[in-house]
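Q: Chain by chain, the residues:
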Amino acid sequence: MKHFTQFEHRSIADRLIDKALAYKKNPRIDLSKGLGKRVGCIFLNPSLRTRASTQIAAMNLGMEAIVMNMDKEGWALEMQNGAVMNKGTVEHIKDAAAVLGTYFDVLAVRAFPSLTNKKEDIEDFIFSQFIKYAGIPVVSLESAIRHPLQSLADMITIQEHMIAGKNPKVVLTWAPHIKAIPHAVANSFAEWAIGCGHELTITHPEGYELDRKFTQGAIITSDQKEALQNADFVYVKNWSAFNDYGKIHSTDSSWMLTENHFKNAPNAKVMHCLPVRRNVELSDEILDGDRSIVQKQAENRIYAAQAVLSDILEE
Amino acid sequence: MKHFTQFEHRSIADRLIDKALAYKKNPRIDLSKGLGKRVGCIFLNPSLRTRASTQIAAMNLGMEAIVMNMDKEGWALEMQNGAVMNKGTVEHIKDAAAVLGTYFDVLAVRAFPSLTNKKEDIEDFIFSQFIKYAGIPVVSLESAIRHPLQSLADMITIQEHMIAGKNPKVVLTWAPHIKAIPHAVANSFAEWAIGCGHELTITHPEGYELDRKFTQGAIITSDQKEALQNADFVYVKNWSAFNDYGKIHSTDSSWMLTENHFKNAPNAKVMHCLPVRRNVELSDEILDGDRSIVQKQAENRIYAAQAVLSDILEE
Amino acid sequence: MKHFTQFEHRSIADRLIDKALAYKKNPRIDLSKGLGKRVGCIFLNPSLRTRASTQIAAMNLGMEAIVMNMDKEGWALEMQNGAVMNKGTVEHIKDAAAVLGTYFDVLAVRAFPSLTNKKEDIEDFIFSQFIKYAGIPVVSLESAIRHPLQSLADMITIQEHMIAGKNPKVVLTWAPHIKAIPHAVANSFAEWAIGCGHELTITHPEGYELDRKFTQGAIITSDQKEALQNADFVYVKNWSAFNDYGKIHSTDSSWMLTENHFKNAPNAKVMHCLPVRRNVELSDEILDGDRSIVQKQAENRIYAAQAVLSDILEE
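Protein chains in written order, with our numbering: chain A, 1 to 315; chain B, 1 to 315; chain C, 1 to 315.
The following block holds chain A by itself, in its conformation from the complex:
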């Protein structure tokens, strides 16, 4: 069974990027492909872009999308095997996922990490329960450790903006934030950028090392200035500490990018997955200026999801 949970292979990524760009030119070309097929979109956490872009992607393929915001609708799921359910949870993931598996052709699931239970988070415990029990293809709408639809949209956006024939220098830079933020976007971006053959530099303050599983092949430095030198694409993202799990070590505002940071990278484009905390993660001048391609990334979320759903329908 074909799930979509992570980067698998460059050939697959390239195919999905091509497919997405074709859909972007002609969104409804496959309007009959998903006729009579249903995708259930399960949100255990809030969403704006992901929900809307997934629904639109499904509609563009003629599929029906049903959204369930389980976080807001008081349907607390039990995740522990063998639990005696005499407390707050009302239904076991085993039973809920299996029912959803009989109701839909594809399940799309958002399940954030706790940021307190490192073991469960790095096993992607909650998300993997859906895969285990649903019995149908599952698409990640962001799990505890990955956000592959975002990363696919990011790769599409880089593809659209890179100079032909030049292997771009891609930089992932940590940015300050006031809250403890998951690692999923940063992990996935590293996984996909490296997998797609981009030259990736990751820069962050000491103590913000990401899980090595995702960063093999990247240059890693705590010197942001050096990292930004000659950059073509700069991906800005906060994440909390991974080693000292879920903690905030630094809120050093000098890490927030301003025009000053781009003296040695005059043509660099700036990326962010949104939502962005303005003037905390990124300055207004960057977001409102010509470097920013954050809106392009958001738009490409539609076509990333459409390519992935289309692929699954071909199974």
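Hints listed in this document are in silico derivations from the structure and should not be mistaken for laboratory results. Errors might be hidden in some of the hints.
Stretch-level coverage of chain A by chain C, calculated; a stretch enters the list once three of its residues show a Cβ under 8 angstroms from a Cβ in chain C [said to hold, decoys possible]:
1) 51 to 57
2) 273 to 282
3) 289 to 299
Straight line, CA to CA, 30 angstroms or less: simulated DSS-like cross-link-like pairs of lysine-lysine [stated by the list, open to error]:
4) A/Lys-25 x C/Lys-132
5) C/Lys-94 x A/Lys-179
6) B/Lys-2 x B/Lys-132
Idealized CB from N, CA, C, for every residue including glycine.
Please build the complex by placing chains B and C on the supplied structure of chain A, with the hints as guidance.
A: What follows is chains B and C alone, placed relative to chain A:
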């Protein structure tokens, strides 16, 4: 006007079961039947299966379904006739139901009991207000005292699993729970099982007698062991006391079914409407074993709803 | 770009009314007009009629509607330009509106006033941010100061019930309420009724003067009895004080209309936008009697929205 609120007649039930089984084989055979028709799904209480299965049933008939979660969306309805609305309620059921009646072709409504006001609950007061004022066909998505779409799905599931030519022994057994639970599922199951001609035995601890209105024709005993003897189908469900209204009298865990309980009913299938509190209402070994047909019941919710909506469209 | 935010010109209003009445006769006549077009419905505040009627209007035109209840889904938007977003807001309106602008063909937005910041409210600050940043046509589903889809539905309803050849006397009367209520419905009704050439009388207790911007051309009096004399249509609505902004000055229950109030206006029809507080704003005898056309207004919300969306699709 044709509402769907309860068991009416065996011939109607048989027709709906046949129709549902036909739709299960070919879900989209009537895709043009509901074209241009709309069902409004009003939830005064949370829902997972009911909401999704009703939406899917509507889509399978080409209908448009619009869901309104009025419990979560802060739209407190006034139910008392003549009320001076100078407190928390923002709209009278009279006005809200009448508007919904002009917006939709069918209204589907979920309205749980208070479990504190017995008189209003047994009159199915809130649900009946929707019928009174909507002016269009109303389908129960579970009212204070009945859950007929669940029961129809249950009858379909029994039909699929019974041995041809043998009148099955059907048992409804009370199970422990940590909360005060409505009587709707138990009432309706009794009403439909008896109405469909099944031999029904109901077993529960002393003090958990159901409203006699629903159980006429059933054997009732507080000896669970005796009840389970030679059972073909065992429906497991908690409910709170009816006489001492809404109270929890027992949480005796020996009532929770385990494999040990089936020594004298080796071929019995186990049913539950879900969500189920694992290892409180039912043991993991039952739910994860071959006796369990709870997922089949859940799946049949789609076709039960589809048969009922289809019937209403024929009016 | 064509937005729909207020009364523009009598010729436009007349065209929309005619179009709406044509759709009412034949709701699906333009089912292919909106094919492949999407409207995003953004609710920063709760809604029943507006949400359902807008979705239905879109469906009647073959459009896809996606609803986002941002009030309930914890997506607090930052509205201040240049804000350092180190507090509760998670996304700037600039970014959110721009993304929504790439996802949809039309944006429909509900944004109530604060009733505490008069300057921002009368500038319609939040709503105008969506217009500023979305880059696509925006439809008001009620802003801080106007509710034009309601008013268009009201004009349609008057059109349907007026006596041919007679210019009706239209009265807008303040009514008591227990909460501080926005001015949007009253403002818009005045704006549209005057703009459509109706003779409008506004009556309210001293201290409840509306913003003069909306009431130019109306007769204004604090003598409700005199105002009601020979009325053909009486629009009942509460609003809080405008000068002493957002305050409740009177809850004088003698302003609540009963049959007694209609001695000198025997044929008057009574209107209200709903939801209505029964026996606070309006008596049961009026709402349940023959004068009430409040359900007609609610029904016409569908066709008002359909006419407006249809107009935008013609751009």
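Q: If a hint holds in the structure, say so; if it does not, say that too.
A: Do the hints match the structure? See the list:
1. Check on the segment 51 to 57 of chain A: 5 of its residues sit with their Cβ under 8 angstroms from a Cβ of chain C, so the three-residue criterion for coverage holds.
2. For the segment 273 to 282 of chain A, the stated coverage by chain C is satisfied: 7 residues place a CB nearer than 8 angstroms to a CB of that chain, which reaches the threshold of 3.
3. For the segment 289 to 299 of chain A, the stated coverage by chain C is satisfied: 4 residues place a CB nearer than 8 angstroms to a CB of that chain, which reaches the threshold of 3.
4. For the given pair, A/Lys-25 sits about 27 angstroms from C/Lys-132 by alpha-carbon distance, which is consistent with the 30 angstroms threshold.
5. Proposed proximity of C/Lys-94 and A/Lys-179 is supported: the alpha carbons are some 21 angstroms apart, at most 30 angstroms.
6. A hinted pair counts as satisfied when its Cα atoms are at most 30 angstroms apart, and B/Lys-2 with B/Lys-132 qualifies at roughly 13 angstroms.
In terms of the numbered hints stated before, the structure departs from none.
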